[in-house]
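K.L.:
The primary structure of each chain is shown beneath.
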Amino acid sequence: MRSHLLVLLLLAVLALLPQVAGQYHLTLMIPFFAYGIALLGFNLLFGYTGLLSFGHALFVGIGAYAAAAITSKLGLRSFELILVASAVGAFLVAIPVGLLSVRYTKIFFGMLTLAFGMLFHSFLFKFYDITGGDGGMRVLRPSLLGMDLSTLDKTAFLTGPFYYYCLVLLGFAGLAMWRMVNSPFGLHLKAIRENPRKAEYLGVRVRLYRLFAFLISAMYCAMGGAILAVSTGLADPELAYWTHSGNLVFMVVLGGFANFLGPIVGAFSFIFLQDQLMSLTQYWRFFLGATLALIVILFPRGLMGLLQDLGGRFRAAEAPAPQRISHELGTERVNP
Amino acid sequence: MTSVIDILLGGLFHAAVLFLVAAGLQLVFGVQKIVNLACGSFYALGAYFGISCVNWALALGLPPSLFLPVLIGSGILMATVAPPIEALLRTVYRRDESFQLLLTFSLVLMTQDVLRIVWGPTPQHLGTLSMTYGKVAVGSVTIPTYNLLVILASIAIAALLGFFLQRTRFGRILRATAENRDMSAALGVNVKWVYASVFTLGTMLGTVGGALVVPTSAASLDMAVELVVEAFAVVVIGGLGSMRGALAGAVIVGLMRAAAVTVYPELEMLAIYLIVIAVLIARPAGLFGKAAI
Amino acid sequence: MSTLIQTLNVTKAYEKFVALRDVSFEVREGEFISIVGPNGAGKTTLVNVLTGLLKPTSGQVRFKDQDAAGIGPVRLAQLGMARAFQLVHIFPALTVGETIAVAVASQLGRSRRLFASLAGDAGIQKRVRTVAEIFGLERKLDAESRLLSQGEKKLLDIASAFALRPEVILLDEPTSGVSTGDKHSIMQVLVAAARQAGVKAIILVEHDMDLVAEYSSRIVALQEGRVLADLPPAAFFNDPAIVAAIVGKRTTH
Chain D
493 MRSHLLVLLL LAVLALLPQV AGQYHLTLMI PFFAYGIALL GFNLLFGYTG LLSFGHALFV
553 GIGAYAAAAI TSKLGLRSFE LILVASAVGA FLVAIPVGLL SVRYTKIFFG MLTLAFGMLF
613 HSFLFKFYDI TGGDGGMRVL RPSLLGMDLS TLDKTAFLTG PFYYYCLVLL GFAGLAMWRM
673 VNSPFGLHLK AIRENPRKAE YLGVRVRLYR LFAFLISAMY CAMGGAILAV STGLADPELA
733 YWTHSGNLVF MVVLGGFANF LGPIVGAFSF IFLQDQLMSL TQYWRFFLGA TLALIVILFP
793 RGLMGLLQDL GGRFRAAEAP APQRISHELG TERVNP
Chain R
225 MTSVIDILLG GLFHAAVLFL VAAGLQLVFG VQKIVNLACG SFYALGAYFG ISCVNWALAL
285 GLPPSLFLPV LIGSGILMAT VAPPIEALLR TVYRRDESFQ LLLTFSLVLM TQDVLRIVWG
345 PTPQHLGTLS MTYGKVAVGS VTIPTYNLLV ILASIAIAAL LGFFLQRTRF GRILRATAEN
405 RDMSAALGVN VKWVYASVFT LGTMLGTVGG ALVVPTSAAS LDMAVELVVE AFAVVVIGGL
465 GSMRGALAGA VIVGLMRAAA VTVYPELEML AIYLIVIAVL IARPAGLFGK AAI
Chain S
3 MSTLIQTLNV TKAYEKFVAL RDVSFEVREG EFISIVGPNG AGKTTLVNVL TGLLKPTSGQ
63 VRFKDQDAAG IGPVRLAQLG MARAFQLVHI FPALTVGETI AVAVASQLGR SRRLFASLAG
123 DAGIQKRVRT VAEIFGLERK LDAESRLLSQ GEKKLLDIAS AFALRPEVIL LDEPTSGVST
183 GDKHSIMQVL VAAARQAGVK AIILVEHDMD LVAEYSSRIV ALQEGRVLAD LPPAAFFNDP
243 AIVAAIVGKR TTH
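Chains as they are written, first to last, in this note's numbering: chain D, 493 to 828; chain R, 225 to 517; chain S, 3 to 255.
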């Protein structure tokens, strides 16, 4: 119960934030919402099913390019349509990619997904006529729930209607994910992560469920990508580059992949850490990398793990199963 | 005919450099079981450092014809970054591989800025120095002698590496440690030392590769992350952990790229990823890999 | 009584090495079959063939009159055969309750309920509790599996197999690594559980001849991949040649 209260409190804070926070920080909240949604999905695959993808930027890219194609090529503006198209597009691409990738686990899975991601990136990069090449494609201002908001200036749009829209979206995406990880379906994913052979003998169709997790994660990433593209007004190939996939993993580990809220905490910390570093030094990548190294070496359970260690009270209130894996994966290699 | 030879020579030159980096990747994976995303970063470090060393040497009055040994020497010298990095990696050897991968990814991020701090954001190059050695005619085409030298150097290194791994005592220790770390430790092998040497050797292959490539193309900040995916392609095609695989994979990727660039430029990297995916689907262990996972 | 499992002239060869030659036997309803034999006799291969993991090189495997050769563990679980492993197989980070729930949910066909609450599924939870009670694990329902004692892990492994409500259960050395005293108590729990759960036949792979003698209704002895004997316990232990071949060799290890 306490966890429900905590989440409601957080949502309330986020809802009231536009009244108190400055415009600059509010515009940063949009990428936070975008990555928050994307990573919730990513972590279903990574934290819950145990598959580390190094190519999920592919799906973020699909969402972004869907937004670009719909607004600049088709001339349609409905953001709901963009979201649906992103999810459907990602789903359709994820079927073949997932079918081929989930035959493998561990490093082979990572490498295969990386190859697919880079395949998509070079497609975006090279087929200038369709994708605009390295310049990317413009994403025009979408309408929200049928409301035309093109008269607002960009900041007012991002910190006003779009802010609340994304907040609600994150809320729904989080709720749906919460139900998934606590459903019989979610339990099967965890069983697969823990011991695929045993899961099979208990009647779990391991590959099929890995594929399901892959498809869901792809759709979440694409919806995040659509939001991201609206906030920058651009869909460019960098979104699908492998280092962007690396950043997705970075964020999840930063927050703590063994915790339901880890990806959201990770997205938030990453966005604001990056922003702080960029304002302090032009060599922010170095410090970002150093932070990652530090987290990996000293705090493998991420910020949420750190929080849990700090307060035993927290432990009782958190998601039951996912946090427990942290110990296994965090400190020792899990024996297959 | 001319273009075929062009593609062949261009592809082999690229393959020669790719092989060095991929061999480093394979060595480290084979023994330490770590897939090192930072292999491209070592390559970039070697490239930048090579340029600086050659420029210093020329300023000190070195005859331009001696720049090749200076490049190789600088590559070897640059590998001194390896032991401290290996000490960092040591903290995650027994952890899940996702952490190992991420730690090397953090190295990628950090190195990119180290390069920017030391050498600045603009690409560096050695001008026309590679023409010092003149050109040679191969059939109907002429290519810089330097490119031919690099191909030969890479072949020599491959042969040396093969001899080293198969015929020397240290090579046998390496292979034993790769097979079973704990057993080797129990038999008195100093695993710590083996890991440090392997990582240094792997790094050196990368830095030398980077140093050798700079006379023909500029060193830029993006070269690290770009090369990683090519090196990945090489090891996936050849088989993770296999030296012969690195050789075969490098030749395939090098030639494919050269062919695609000449015939249908849009396909350049696309073609390589398609091969990678095809190989992973048909032969997950790669052409020379051990049994499937 | 009807035949549940039937193998007919099963041969399994790995390149040059032949692990099983012409193995034929049946498992009928109500039987407790023990599979015995020295190390390397082909027991593990036979178990893997019976559980659909390996496809025999030639011959037939039938389960409830359906072709079961190489159909894979998932399909076999759906058809009604469960397996407990020789080495403990658990889900380290899942609780005892969750582990059993995996089997219950999959047996009830509720695995694809994406948005339904697991904790709120009374049907699943009730059966989880029942299974836990049979195996004396009800007080550990919320404990993580990795924190259990070795004996409890073993019980959990078997309990989750029972939770599939199988008609046939295959136990691969269920008491290996357990002290002699505990062996009998584990076997008693197992047999009682099988009776409660309505299991129609048990296949036991076992080295411990005391257990084999005590519980089996029939013994299938393998030697170098062939069926050396297929006899009731009394006849088996009264044949000095067979005992020497199977038990004698065993003691040399």
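Careful: at least some of the hints might be erroneous.
Have a look at the derived ranges for each label pair, beta carbon to beta carbon [as the list claims (entries may be wrong)]:
1) Ile505(R) with Leu566(D): 27 to 37 Å
2) Val413(R) with Gly111(S): 49 to 59 Å
3) Ala409(R) with Arg197(S): 43 to 53 Å
4) Arg114(S) with Phe388(R): 36 to 46 Å
5) Ala502(R) with Ala15(S): 27 to 37 Å
6) Val413(R) with Gly42(S): 47 to 57 Å
7) Trp417(R) with Asp184(S): 50 to 60 Å
8) Lys18(S) with Ser364(R): 49 to 59 Å
Stretch-level coverage of chain R by chain D, calculated; a stretch enters the list once three of its residues show a Cβ under 8 Å from a Cβ in chain D [unchecked claim]:
9) 351 to 361
10) 450 to 459
11) 483 to 496
Since the hints were derived computationally from the structure, they do not count as laboratory data. Where a beta carbon is used, it is the ideal one built from N, C-alpha and C, also for glycine.
K.L.:
Compare the structure with the hints numbered earlier in the document and write down the numbers of the violated ones, lowest to highest.
P.N.:
The structure breaks hints 4, 6, 7, 9; every other hint is satisfied.
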